Amino acid sequence: MTSTGFEPKIAAFVCNWCTYTGADLAGTSRIQMATNVRIIRLPCTGRIDPLFIIKAFERGADGVIVSGCHPADCHYTAGNYHARRRFTLFNDFIEFLGIDSRRITFSWVSASEGQKWADIVNDTTARVRELGPFSGYRDLVRSGLTGGQDAGT
Amino acid sequence: MSRIGVFVCHCGENIARTVDCAAVAKRLAELPGVAHSVDYKYMCSDPGQALIKQAIAEKGLTGVVVAACSPHMHEKTFRRAVSGAGMNPHFCEMANIREHCSWIHEDRVKATDKATQLASFIVEKVKRNRPLQPIHIPIERRALVIGGGIAGIQASLDIADGNREVVLVEKEPSIGGHMSQLSETFPTLDCSQCILTPRMVETYQHERIRLHTYSEVESVEGYIGNFTVRIRKKSRSIDEEKCNGCGACIQACPNRKSPNEFDTGLGKRTSVYVPFPQAVPNIPVIDRASCLFFRGRAKGAKKDVCKKCEAACGKGAIAFDREDRIIEEKVGAIIIATGYQLYSIGKEQANPAFKGYGEYGYGTIPDVIDGLQFERLASASGPTAGKILRPSDGKEPKRIVFLQCIGSRDPAKGIQFCSKICCMYVAKHTMLYKHKVHGGQATVFFMDVRAAGKGYDEFSRRAIEEDGARYIRGRVSKLERDGEVIKVYGYDTLNGAPVVMDADMVVLATAMVPQTGISTLAQKLSVSYDRYGFINEAHPKLRPVETNTAGIFVAGACQAPRDIPDSVSMASAAAAKVLGLFSNEKLEREPSVAVVNRELCTGCFHCQRVCPYGAIDRFEVKDRKGALLKTVAEVNKGICQGCGTCQAACPSKSVELEGFTDEQVFAEINALEWTGQGVSDEGGRR
Amino acid sequence: MRELKDLARRLLEEGAVKVVIGYEEGPVGVRPVFVTRPADAEKLVFNSKCVQNLAAYLSRRRGHIARLGKPAIVVKGCDARAVAGLIRESQLKREDVVMIGIRCGGVSLQPSEEGPLTPATVADRCGGCESREPKLADHLLGALPPAPPKATRMSELMAQIEKMPVAERFRFWAEQFERCVRCNACREVCPMCFCERCIQDKSQPQWIETSPHARGNLSWHFTHAMHLAGRCSSCDECQRACPAGLPLGLLNRKMAEIVRNRFEYQVSDDPTVPSPIGAFKQQDPQEFIK
Chain A
0 MTSTGFEPKI
10 AAFVCNWCTY
20 TGADLAGTSR
30 IQMATNVRII
40 RLPCTGRIDP
50 LFIIKAFERG
60 ADGVIVSGCH
70 PADCHYTAGN
80 YHARRRFTLF
90 NDFIEFLGID
100 SRRITFSWVS
110 ASEGQKWADI
120 VNDTTARVRE
130 LGPFSGYRDL
140 VRSGLTGGQD
150 AGT
Chain B
0 MSRIGVFVCH
10 CGENIARTVD
20 CAAVAKRLAE
30 LPGVAHSVDY
40 KYMCSDPGQA
50 LIKQAIAEKG
60 LTGVVVAACS
70 PHMHEKTFRR
80 AVSGAGMNPH
90 FCEMANIREH
100 CSWIHEDRVK
110 ATDKATQLAS
120 FIVEKVKRNR
130 PLQPIHIPIE
140 RRALVIGGGI
150 AGIQASLDIA
160 DGNREVVLVE
170 KEPSIGGHMS
180 QLSETFPTLD
190 CSQCILTPRM
200 VETYQHERIR
210 LHTYSEVESV
220 EGYIGNFTVR
230 IRKKSRSIDE
240 EKCNGCGACI
250 QACPNRKSPN
260 EFDTGLGKRT
270 SVYVPFPQAV
280 PNIPVIDRAS
290 CLFFRGRAKG
300 AKKDVCKKCE
310 AACGKGAIAF
320 DREDRIIEEK
330 VGAIIIATGY
340 QLYSIGKEQA
350 NPAFKGYGEY
360 GYGTIPDVID
370 GLQFERLASA
380 SGPTAGKILR
390 PSDGKEPKRI
400 VFLQCIGSRD
410 PAKGIQFCSK
420 ICCMYVAKHT
430 MLYKHKVHGG
440 QATVFFMDVR
450 AAGKGYDEFS
460 RRAIEEDGAR
470 YIRGRVSKLE
480 RDGEVIKVYG
490 YDTLNGAPVV
500 MDADMVVLAT
510 AMVPQTGIST
520 LAQKLSVSYD
530 RYGFINEAHP
540 KLRPVETNTA
550 GIFVAGACQA
560 PRDIPDSVSM
570 ASAAAAKVLG
580 LFSNEKLERE
590 PSVAVVNREL
600 CTGCFHCQRV
610 CPYGAIDRFE
620 VKDRKGALLK
630 TVAEVNKGIC
640 QGCGTCQAAC
650 PSKSVELEGF
660 TDEQVFAEIN
670 ALEWTGQGVS
680 DEGGRR
Chain C
0 MRELKDLARR
10 LLEEGAVKVV
20 IGYEEGPVGV
30 RPVFVTRPAD
40 AEKLVFNSKC
50 VQNLAAYLSR
60 RRGHIARLGK
70 PAIVVKGCDA
80 RAVAGLIRES
90 QLKREDVVMI
100 GIRCGGVSLQ
110 PSEEGPLTPA
120 TVADRCGGCE
130 SREPKLADHL
140 LGALPPAPPK
150 ATRMSELMAQ
160 IEKMPVAERF
170 RFWAEQFERC
180 VRCNACREVC
190 PMCFCERCIQ
200 DKSQPQWIET
210 SPHARGNLSW
220 HFTHAMHLAG
230 RCSSCDECQR
240 ACPAGLPLGL
250 LNRKMAEIVR
260 NRFEYQVSDD
270 PTVPSPIGAF
280 KQQDPQEFIK
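Protein chains in written order, with numbering that gives the first Met the number 0: chain A, 0 to 152; chain B, 0 to 685; chain C, 0 to 289.
Calculated directly from the structure, the hints in this document are not laboratory data. As the structure is a computational prediction, the values presented were derived from the model and not from experiment. Misleading hints may appear alongside valid ones.
Unchecked claim - No more than 30 Å apart at the CA atoms, straight line, and that leaves these computed lysine-lysine pairs for DSBU-like: (1) Lys-329(B) <-> Lys-636(B); (2) Lys-280(C) <-> Lys-412(B); (3) Lys-134(C) <-> Lys-629(B); (4) Lys-636(B) <-> Lys-201(C); (5) Lys-109(B) <-> Lys-289(C); (6) Lys-624(B) <-> Lys-17(C); (7) Lys-17(C) <-> Lys-621(B); (8) Lys-280(C) <-> Lys-540(B); (9) Lys-412(B) <-> Lys-477(B); (10) Lys-289(C) <-> Lys-629(B); (11) Lys-636(B) <-> Lys-92(C); (12) Lys-624(B) <-> Lys-92(C).
Claimed, not checked - Pairwise CB distance ranges (calculated): (13) Thr-515(B) <-> Ala-278(C): 21 to 29 Å; (14) Ser-82(B) <-> Thr-27(A): 25 to 33 Å; (15) Gly-127(C) <-> Thr-515(B): 43 to 51 Å; (16) Thr-519(B) <-> Lys-134(C): 43 to 51 Å.
We treat Cβ as the ideally placed atom computed from N, Cα and C, and that holds for glycine.
All chains, please: the whole structure from these sequences, using the hints.
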């Protein structure tokens, strides 16, 4: 990547017990990965609100990762099941609104899956880099958008 | 106005090699609200911690951010440090710039930028942190143990010996469970009752154990530290205070034909009975279904029938009119130790998910029996005084065939698990048989031999090498009565040939499943269970004796098939957990719990539906006259574990999770715009 | 409808209810009416212009109506779903409302539309309706009229949008959301929007930008649809009420389709049937999760 090339900004909402710890393990194992991801720690994916993702896009994120414990392994037993249903609605619905769901990665990464976390980070970064900046979303504040202007989705 | 102190750790070379810590500290110093920003080699060391304490005192800091390793490593360390300086520990948080930054990147410029941004997130978060106080809830330091088998007995003794009172509830008339039905135990061939009865007596006599036999849990309310349990003491029709266990009533009873449950239907008992001679307590029970007096009364007889027991009793202890009683106990912790039963093989299954085996003739061929029935035959106190005799004609069997894995490991029967103990007890049975019938031949049809415990494999080999048991790898497709013998149609997979043999008796090693009614009990306790009825542990690896319901623990075979040593270990582990819980007068909990804003809550209770712990109750908001204004949600601080699912489910965000409030998370997301290079992004920082 | 007037008068005279919430003829079409005096029961009508969903008036937010006392409410099948939703979510007790169900032959797009229903004039939700005889009702009035015609506007627009590539879809919705002025009529008219403090009005922190530019409006309408998932009674009042003509019914229709396809659930007029959002299955779909 040259310094003039576009580098996506990716926000990651992860659960404390599985994915955050999995990311720690990736660090302890010195697995190298792309620098674009900023992790925000939550206690559980159950706490993750679709509004976080919307706000992340508003604040300049080009992509988002949402990750937690595998089903049946949630530290709080059922938080990730509720999150899963919420994310299902979110994922299908944003496509309808014209937001490319490829900008968002949902994943289950357990505390022992350091390599998987690295793969998620790298894959998401590469994918979002190809999709380009999500300026179209942030620029929705400007009126006169209609009239053929590429929304850069 | 915030005055946050930022401390960027080099962690020796771990962070400093890739991240320019001094630059990070310098950039963060420019963030509004940061009053102090330095870097240092080892923040977790004593001098490092001293730096923090000093800065708190000198600069009047309102919050501390340590940009270093993962909070999983040192959050407690730094929180203790700030606490020592008089700051509420919840004003201290860590930014992970080691595991999540310096260790996974090589590019120094990018890593430094990232570290700066990660730390800025946490700075913005800490500005909105609140001074949370640990939550203290009062705790009733008594335990309830449900189930008086070996696990329940062990747990009760451990807790009582730890100086805490135990209420032990057992549904049968005596404690002891299935272990009291066994003849000898593997791998030592100890006489089961000989090692068990001293424990049973100790339990009965212990001054801190309140024993309720012939009783069941009726209802449970409350939460950890504060459970109210209603127990139904079923009526024995005997006055327990007056009875001295002399047994005169039993001798006098004219009915001697009721099937004896303790002897698994192989023997008979009277209507007024004690399940077995060493029963604890040694107080009889009148079985109203078979008792002539009660049956007469039910039919509306004008005159009382029989009552010979009452005449024989020298203490006036027979109490025909005594009914069930409900008593209430207050406890702080509960241990579930209800044990197991053997799956019933026949068509009638208590659990509709299980299916039986018609092909083995169990119930139609009297000499086809299960493992517990064989134990009763082998047991010296059993219906045949320890002689192995056929139930059909009382003759000694010369050939016994044992079938392993009946029900277990069979998805077609609805049971996928391995019952763990059968390989061992079948080997034991072959040895007991050989010791009693020297000329007898034992044959075992097996799929695998699982003998993983201490001394287990050696024991299993003994059955083959010393006691001549013949092991055939394969299953049996059918058992058929042929005159006086049973024809066994099996297959030997190692030879690749069918095997047909005659047997005088067949013993089926059936699956070990939870007790009937376990799901009802689990629902009363709000404890989860799997499709077989086994109680779910909180975490299969690291929390095997806890359930997901705070204050409720589990021990023994009700959680999964297991043998006696493991049940005893688990019981002691559960007891240790309970004693740990009871070690303080009040229960202290992390304050990261959800709090409902009663003003805003609309009472839709989406939160109550999603809470994995049932920690949300309904609270009535009333005006001064007592009129109901609205019903809102309320979080029980004692039960809430702090997952925040309620908050995501709440449309108006009227419930907030302390430690991860909307303001805190929003502040972190907001900080995404800040590049940390002193140059504002379009849109600017907030 | 004579039956309706008589029933309403009787309920009021007997004191069984204190107010009957129904429809009356107004100067520009049918409009809601709150009848508290038995004599005024004569005002009540029911015809194909009665498109409004009166369940919105049962929300506790409307304190001025709640203060009138125990209500009876005239409901079509679609309205009954909304009332069931209020009961399901503890906003109303079943015994605190008298449901006057009307057998329905469909309603027009606007309450001013005279004449028989045609595919051009009928409301989008009516064609193929399976609840023409409301099951959640204390009284069931009227004869069952013939089935309503099917409008195709919404389904055509939906199909059109789904054919668009992602970028074009984004532009389409950006155009729509730019027209929104955040009057919140959609929120006010929705019976399931009963939060005491709407998420839009939360300012600390402000999740939903209040500025009525396309971005702020997108976050509002997106969130509104998410919050209605599994709860929306598909009454399309939001779309009818919108002064800017946004196709809001489409958003909820899409969400209902997602809920139906993913969780095999349709909003029921039985208050004891719980919504799937708030429940889960071990085997819930997750093919999109890595």
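Hint by hint, which ones does this structure get wrong, listed from lowest number up?
-> Result: hints 10 and 16 break, sorted rising.
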